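Undergrad: Protein chains in written order, with this note's numbering: chain A, 1 to 82; chain B, 83 to 666.
These are calculated hints, taken from the structure and not from any lab test.
Quick caveat: nothing in here was measured; it's all calculated off a predicted structure.
It is possible that some hints are incorrect.
Which residues of chain A face chain B? A partial, calculated answer using Cβ under 7 Å [claimed, not checked]: (1) D5; (2) G23; (3) A26; (4) V28; (5) L30; (6) V34; (7) F48; (8) S52.
Straight-line distance between alpha carbons at most 16 Å, and here's what the computed EDC-like set of lysine to aspartate or glutamate pairs gives [what the hints assert, rightly or not]: (9) B:K405 x B:E204; (10) B:K562 x A:D79; (11) B:K562 x A:D5.
Beta carbons are placed, not taken as given, at the ideal position from N, Cα and C, and that holds for glycine.
What follows is each chain in one-letter form.
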Amino acid sequence: MNLADIVDKMTKNSRTLKKVFFGWLALVVLFDVVQPRDDAHFLIDKIFLFWSVFGAVGCFLLIKVGKGLAHLILGKKEDYYG
Amino acid sequence: MDNFIHPAYVFFLGSLLVPFLKGRAREALLLLIPVSAIFAVASLSEGTYGQATFLNMDLVLGRVDKLSLVFAWVFVIMALLGAIYSLHVKEDGHHLAGNFYVGSSLGAVFAGDYLTLFIFWEIMAFSSVFLIWYRREKASLAAGFRYLLVHVFGGLCLLAGMMLYYFKTGNLQFVALLPEGAGVAEYLILAGFALNAAVLPLHAWLPDAYPEATVEGAILLCAFTTKTAVYVLARGFSGFEILAILGVAMTVFGVIYAVIENDIRRVLAYHIISQVGYMVAGVGIGTAMSVNGACAHAFAHILYKALLFMGAGAVLYMTGTAKMSNLGGLARFMPLTMIFYVVGAVSISGVPLFSGFISKSMIVAAAHDEGRLYLMALMNLAAIGTFLSVGLKVTYFAFFSKEAPLETKEPPRNMLVSMALTSALCFILGVYPSLLYDLLPFPVDYRPYTLYHLSEAFQVLSFTGLIFYLLAAKLKPEAKINLDVDYFYRKAAGYFLKFDQRVIGPADTWWGELWQSIALKALYLKASLAYLFDQKAIDGVVDGSAELALIVGSKTRRIQTGEIQVYIGLSLVIFFLVVFLFLV
């Protein structure tokens with residue numbers, strides 16, 4: 001089996017991939033809950049799942065702000081500069 | 083001067099032989115040049131070499147210390163990887179330009195004074211532009227000229243700053259400057275450096291030019307110009323607060339554009355701004371740890387960014403396009419390229435076990451330790467955008483999404499070998515960070531692999547993945563370009579010309595006519611009045627006195643008859659008249 005076939009197989013089994021991904025997310029959450037916080041300096045270091053929320057909200061904002069700017073002002077046709 | 087072989091000369095002299103060789107010998111030479119340079123760098127020991135005096139200025143060609151060495155190391159390693167990747171390039175000029183570009187970057191890194199630095203700085207600009215022009219497309223030609231103009235402007239800022247600095251201090255030594263005593267001279271030098279580091283708002287040349295470069299040239303371009311600039315900033319401007327703020331602004335600015343761009347190489351170019359932002363911020367924060375972080379990140383960044391450009395370049399080389407809106411499903415045809423690209427993508431995103439994780443986090447941790455939490459939060463936000471755009475968006479839309487599958491195959495073997503080696507380096511640095519930490523200018527007291535840091539990285543990246551999974555349809559690439567500040571010299575300059583033709587030009591003509599009709603007429607009037615005054619008043623007086631003299635003269639002539647009795651008679655009359663007047 002060559003690499004191309006493996007890629008094919010992976011893309012065809014997206015349900016399995018989805019399960020693996022959500023399983024991984026659960027592990028990440030669990031890991032943050034159990035990991036020790038001995039050398040926490042600031043408040044954000046002590047809040048459980050701070051970085052999960054930060055990641056999700058930050059990603060959402062970047063997509064919204066980026067796409068919003070592109071559609072409102074920044075986006076131009078490819079031949080804009082001639 | 084004992085045993086000092088400047089690594090730059092290896093590139094300069096070696097590349098001059100390239101046009102004389104063919105086939106295997108030429109390929110061997112192209113590899114031998116960077117290999118020799120690696121040995122030249124390995125043979126260097128700390129010290130000052132190549133000193134000379136020119137017009138009372140002390141020049142230093144070889145300042146070798148830990149700071150210059152860490153950059154020199156990654157430059158020569160990158161030169162070798164780049165040489166392997168571009169082995170198939172037939173144009174001798176392309177190799178010459180590439181080698182001169184790398185050589186002059188090394189020259190700038192080892193320069194101990196501003197004049198030497200400036201000369202190598204300019205060779206860099208003028209050699210690198212050929213890596214854009216060799217693409218031989220109309221867009222590349224224009225982008226190259228803009229690139230050159232912008233860099234000449236930056237060079238002039240540097241030159242002006244240098245001169246003022248010389249008049250101020252009486253020397254041109256390139257040493258660390260203090261933010262407290264900095265004046266116009268220092269800030270002009272800073273502007274020249276900042277332009278090459280693509281610091282906002284002097285950044286637009288980068289995403290304008292790099293995506294138009296040749297496939298092979300872009301590998302070198304993305305490595306040297308901005309990182310040489312990071313080196314000179316670290317050398318001269320450590321602790322300048324403005325750099326901390328602008329650097330963090332760059333990290334976020336770059337990823338916002340990367341999220342919306344369509345051309346893979348343009349996405350990557352905006353990511354250079356973002357990643358160099360971390361380094362600039364590290365320099366600006368100015369602690370030993372943050373400057374270490376800036377150097378470590380420059381080292382790691384050169385490798386993974388080159389790897390990403392190699393992957394994107396391979397796609398462009400094989401399919402003829404790097405626009406995601408025209409790509410998709412390439413993993414089926416280019417699985418190795420995809421894997422190497424993903425290694426670059428996880429490295430830049432700071433995934434544990436890869437190089438970005440051990441370098442970027444040093445700068446973020448330095449901001450954390452200094453209590454600069456908002457800087458830290460923004461840098462982490464930028465990390466989200468990095469993974470979102472380079473890691474997920476490009477990988478998904480170029481290599482996986484099923485639309486528009488193009489039939490193609492893997493790129494030439496030399497490209498694959500170069501990508502494999504670069505991938506290996508990204509992984510090795512991620513697993514053995516001490517290899518890199520030992521090269522850094524200050525002693526390193528930082529451990530990247532703590533449970534908290536691992537948890538932080540996994541949470542941020544995984545939940546970014548979750549949002550991408552939910553919103554991928556929103557990110558579908560669009561066949562568009564996005565405005566940036568280059569608008570002002572690409573479009574607004576044209577508008578200004580039109581404004582000049584339609585408003586300034588006519589206004590000038592109108593003013594000219596107004597001048598003629600009012601001011602000139604007033605002038606004529608004044609002149610004719612003066613003429614009249616001259617004729618009637620001045621000439622009148624002069625002519626009048628002349629006429630009087632004539633009249634008096636003609637009257638007097640009558641008494642001068644030449645007869646003696648008349649003269650005597652007249653004398654007697656005058657005598658009696660005087661006596662009479664005297665007596666009365």
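Undergrad: Does the structure break any of the earlier hints, and which numbers would those be?
TA: 1, 2, 3, 5, 6, 7, 9, 11
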